[in-house]
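> Its first residue numbered 851, the sequence shown is counted upward by one per residue in my numbering.
If you are wondering where the hints come from, they were derived from the structure by calculation, not from laboratory data.
Do not rely on the hints blindly, as some may be mistaken.
[To be verified] Think about it this way: if two alpha-carbon atoms lie no more than 27 Å apart in a straight line, the pair counts; the simulated DSS-like pairs of lysine-lysine are:
1) K865 with K1009
2) K935 with K989
3) K934 with K1027
4) K935 with K1009
5) K978 with K912
6) K1022 with K1009
7) K972 with K912
8) K881 with K912
9) K1009 with K934
10) K978 with K876
11) K1024 with K934
Predicted model only: the values in this text are computed from it and were never measured.
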Amino acid sequence: MTDEEVVLLCQRGDKAAWEELFKRYKPRVLKIARRFFLSGGETEDLVQEGMCGLYSAVNCFKNAGAFSPYAYSCIRNRIMDAVKKSALAKHSALNNFTPIIETENGPASVSPEDEVIWREDKRELYGKMSRELSSLEFKAIVMYIDGMTMAEISSALGKPLKSVDNAINRAKHKIQKLISAED
């Protein structure tokens, strides 16, 4: 079934369709949420916001085109709204977010020149990361940004889960310092 067909079933109250749609979009939500560094916060909070964005996308979708780009926009906007609202004093853990990578393939709707600049910026950031991070930190954070779970990264690197978690957290802090130093 296409996403649009599943969405139509969801709109009619089909619980199995909801489960299928959440299963299909959870990796995408994870990938979007992981693009933001939350100083003292948890990525899972943004994943939850992203899933709420998916829920809203389903309820508001009018079957006027492809669902996937619409859902991506709703998910990303919901996450961005949560990050902006976190700037309040009571949400101080979320105050210093840093988008690591804007989109998988570069900024949407850009000129070829902007695409080249984006790719150069990404290459430059990865170069700086490779110089500043340990080998384990670099491999783990790149896999994390690409949407792999901690368990998948642990298995791929042959390292204990706790070592991978620690490496990713150290990498996030080093990247935040690296980006802050450029500002």
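> Going through the earlier hints one by one, which of them does the structure break, listed in rising order?
1, 2, 4, 5, 7, 9 and 10
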